[in-house]
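S.K.: Using the hints, position chains B and C against chain A.
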Amino acid sequence: MSERILSKRFDLADSHTIGVYEATGGYATARRVLQELTPAQVTDEVKKSNLRGRGGAGFPTGLKWSFIPKDTDRPVYLCVNADESEPGTFKDRHIMEKDPHLLLEGIIISAFAIGCHQAYIYIRGEYIPQIRRLRAAIQEAYGRGCLGRRVFGSGFDLEVAVYTGAGAYICGEETALLESLEGKKGYPRLKPPFPAVVGLYGCPTIINNVETLANVPAILEKGGDWYAAVGAHRSGGTRLFGVSGHVIRPGVYERPMGYSLKQLIFEDAGGILDGRALKAVIPGGSSVPVLRADEIDIALDFESVATAGSMLGSAGVIVMHDGTCMVRALQRLIHFYKDESCGQCSPCREGTGWLLKIINRIIRGDGRPEDVAVMRDVAEGILGNTICPLGDAAAMPVISFVTKFRDEFEHYIRHKRSAVPAPVK
Amino acid sequence: MDKFTVTINGHTIEAKPGQSVLQTALDNGIHIPHYCFHPGLPVAGNCRMCLVEIEGVPKLQIACGTTVRDGMVVWSNNDRVRQAVRHVLEFLLINHPVDCPVCDQAGECGLQDYYMLVGRYDSRFAENKVVKHKKATPIGRWVMLDQERCILCSRCVRFTREITKTNEMAIFNRGDHAEIDVFPGGELRNRYSANIVDICPVGALTCRDFRFRCRVWYLKQAPSICPGCARGCNIAIHFNPERPHHAGGRRVLRFKPRPNPHVNAFWLCDDGRYSYPFIDDHRLRFAALREEGGVRQLYLKDALDRLADWLRASRSGRTAYLLSADSSNEELFAARKLLRDALGVRCLLPDTGLRTGDADDFLICEDKHPNTRGARILFGLGENDPVAPDRLEAGLGAELPELLLVNRADLPSPLRDKLLAAGTRLVFLGTNDNATAAAAHLVVPLVVFAEQAGTFTNFEGRVQKFELAVPPLGDAAPEWSVHQGLAERLGIDLAFPGPAAIFRQLTAEVDAFRGLSHESLTPHGAMIRHE
Amino acid sequence: MELSDQLKQTLDALKEQFPNGLSVLMPALHAVQAAHNHIPAELEQPLAAYLAIPAEIVHEVSTFYFMFNNRPVGRHHIYICGNLSCWLRGAETLRDHLADRLGIQPGETTADGRITLSVVECLGMCDHAPVMLLDGEFHPDLTVETVDRILAGLS
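If you read the protein sequences in the order shown, they are chains A, B and C.
Taking our numbering, the leading residue of the first sequence gets 1, the next gets one more, and so forth.
Taking our numbering, the leading residue of the second sequence gets 426, the next gets one more, and so forth.
Taking our numbering, the leading residue of the third sequence gets 957, the next gets one more, and so forth.
Careful, some of the hints might be misleading.
Stated by the list, open to error - With the Cβ distance kept under 10 Å, some of the chain B side facing chain C (calculated, not the full set):
1) G454
2) V582
3) T591
4) E593
5) A603
6) D606
For the record, the hints were derived by calculation from the structure and aren't laboratory data.
It should be emphasised that the depicted structure is a prediction, and the values quoted were computed from it without experimental measurement.
Even glycine gets a Cβ: it sits at the ideal position worked out from N, Cα and C.
One chain only, chain A, in its complex shape:
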């Protein structure tokens, strides 16, 4: 059995309660850290661990923390990105549902490291049961002195509040999240300045993903070197891989970085539904380039997936069998990015709408021979030219789908129907 850092309590009864958490060693690390370590020592340990952001971009966490200006006289904020909305991604939900105190312990240690006394958990508005659970956990933590004035009797104060989104994928982009937290539309900001310098309310701010922070207690408990060794290359630790789509056992699987994608799909998730053949896999949430069945013999760490021409992203693995019409599948994705484009910058606002209209027209049976080329060109006009990564996220699936499954698109245009016999609906 591989190492379980994040999911070790998932199967316990009442794992979300502070009683179970503490009985299984919870909060001991944070207590020790606050009493024995300096903030710089915590950051060093996290740097050593090769912990990289679990939201999708994979930025080294310790390095991010070190961008907070030293000796700032302004308050420092920690914003927890719980706006999990990337299609195919549901791992943070599991943590908040089943082990919310692990997240809180991670918040306590991380806030201590960056000198933050007010943390906000920005959670998507649709996660209503999870919001309730988080609030209850926070209340428990306050009740036991794990949060609030003089945390664990130390000299460290920390307030944690939950802030609820209201249905906008873009707010998972860290600067849009800050705007939303300030009460505005979720329009991503121009960078620089980066949030570590000018963030929430103009103050130094660190934004970390839920899963990222949930790793921090184990790093401080067992050491950065241990954590780095669990992973592969420069990707430390384990990941919560979320497998969905055409597999027999969809779910969250905690596996070390560098784990085999094939094994994940065919062993852990039980293989392909209905005994069908694998057709394609999106390995890191809907934004990353799709892989064909013959491209999935890869290791799941940031570097290896990149080498295969895709990205590990949020580790949301979407599996499609041979009954999937790739034109219709791409239409779902384009529909998503068009719906979720904030509308601030021109290429994404206009380009996603254009792409959707083309693919809708193809599916209606009014496709034109030039449509595939135009779609690709529109996507390339978006790629790299927008304020935030949503533009790239919309463009990459389009480019990879129309390139790798070009025949299917051309077939649909020519014959006004899918190349796949009896496609899934």
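M.R.: The following block gives chains B and C in isolation, referenced to the frame of chain A:
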């Protein structure tokens, strides 16, 4: 280090640290296409038109949001950048109605301009356009909104948030259904509203006053100073000399602000902007003489003969002159030389333009004349000027004058009646008709500021130049030329050969103006000396 | 239309937690919607005044976020996921089934004002696809049969 060197498209230029790549390029005559960037507003970076390649940076960057670094090498004209910018323009146009023939922005539209510069593609958009709610909908006294033409650059939003701080403009909804609008049921409620028309790069916000009066390519421009108040906002007068029939005979069709960082930045208030109709409406074009049996028109030279006779005949100390703070420094100086100094006429500045409480903390002044400061200096006016209407009679002296010259002002009617009953000869020198002109014994038509060159001194003491935009109407003349004519007739050795020469005289003779020259007034005016 | 005293109390409590009126806006809109079913247009001005922020910002925010309803919605609000992972497992069939059963198109509310049907983007429940969110609870691993059972249980 206070100066950097950057290379843009192969040109190595000096740049100020902290400045954006775009501003640096524009300051050096290199045009990088842009819509959302405006030098008077915070950077938004949303239009993506100013994408440039910066050597050593993998992705294209927006020039407006990128700060120069020493040694930076920037390309805005290579194939990669051109391709990206063309994509952006294509994106901006797919949902645009391309209704240029019925769009009042035609001829000064950023979409048209950049289509020529970086577009030039055939449309590949085979889909239905997004339909937006408002077409040609007024959103205030002066501004018309067409949402479909909007490219969501947010300049108007930033203007009402950052400049007027009134917040009326906003972008509602998201994605490609995002649209600019005012709050439902609301409207623009600031006194600078038409600036959003100026800064709108497309035809989404047009001016209700100007719409469809004239195609902009028929317009010519002259740099000038707004005559609406004592601020002296820099403007361009837009006039249509060839086709006055397009606008009911009006030659001047609009004022647009001209940037001046010391005075008005990039902006102009609505009151000043829409004060322009007086240039063409209700003008006095010819001299008129009231005689037994009625009023007759006469040549200016004959009117001056008559006025010279009256000046000669009026006993010493019994002639008075009500000067105007709408006159240029040059006009005022000529009046001072002839009337005050040579003829000893009592000169007063009547208070006709003070609207107490009307000022704001931005551009609008209480004093609605452009040259009160100039009049004060040139006539050495003290605490008692301008003279309030109720004190005007006392100000004219112990006895009512025999001859009263009134420049532009409309006298309070009781005073006017009293003067006429007492046998005072009333001479009106002015630009526009009013009750005093109608009652005057003699009317001498003057040109408005737009029909001559000259200078005004704003309330802070900044002397600013304006140029002739349109020729005089009828026999109307600059006031200095009237005084020149009178001096000749009265045998007084004074010469006012033209505004430039008068300004030189003025700077030689009047301490406050000493050291100024037309050159020193370019481009942003210059301050008077404070004694 | 005015803010109720109860809403004002909620807003006052929120003001304590945040540094300025603007940052109270999102939670405030959630509270308004909880109290009024949607965000009544006539409440945007009073809310703006209470938070001392421009009404335009309130309207920007209320029209930006999908979960803020600018028009009345049904007593029950079905959010059915239509994104890829759910679609791969039959979400489209369920959507059509729901539309048929309710006699409305996605985005509409039944004539009796009972139920609103919205097709939404990924709900983060892909391991239980297809899924819907109904009145604050997730319903996982849906089939036509379970959907019918859920509909039957609605008041």
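S.K.: E593 of chain B was flagged as interface toward chain C. Is the shortest Cβ-Cβ separation under 10 Å?
M.R.: 7 Å, holds
S.K.: With chain C as the partner, please determine if V582 of chain B meets the hint condition of a C-beta pair closer than 10 Å.
M.R.: Where the cut-off is 10 Å and the nearest Cβ of chain C is about 9 Å from V582 of chain B, the hint holds.
S.K.: At a threshold of 10 Å, is the proposed contact between G454 of chain B and chain C supported by beta-carbon distances?
M.R.: Interface hint status for G454 of chain B: violated (38 Å vs cutoff 10 Å).
S.K.: Holds or violated: D606 of chain B as interface residue toward chain C, Cβ cutoff 10 Å?
M.R.: Interface hint status for D606 of chain B: holds (9 Å vs cutoff 10 Å).
S.K.: Quick one, is the T591 of chain B hint okay against chain C at 10 Å, beta carbons?
M.R.: Constraint on T591 of chain B satisfied, holds at 8 Å.
S.K.: Can we keep the A603 of chain B interface hint, with Cβ of chain C closer than 10 Å?
M.R.: 9 Å, holds
Of the numbered hints listed earlier, the single one contradicted by the structure is hint 1.
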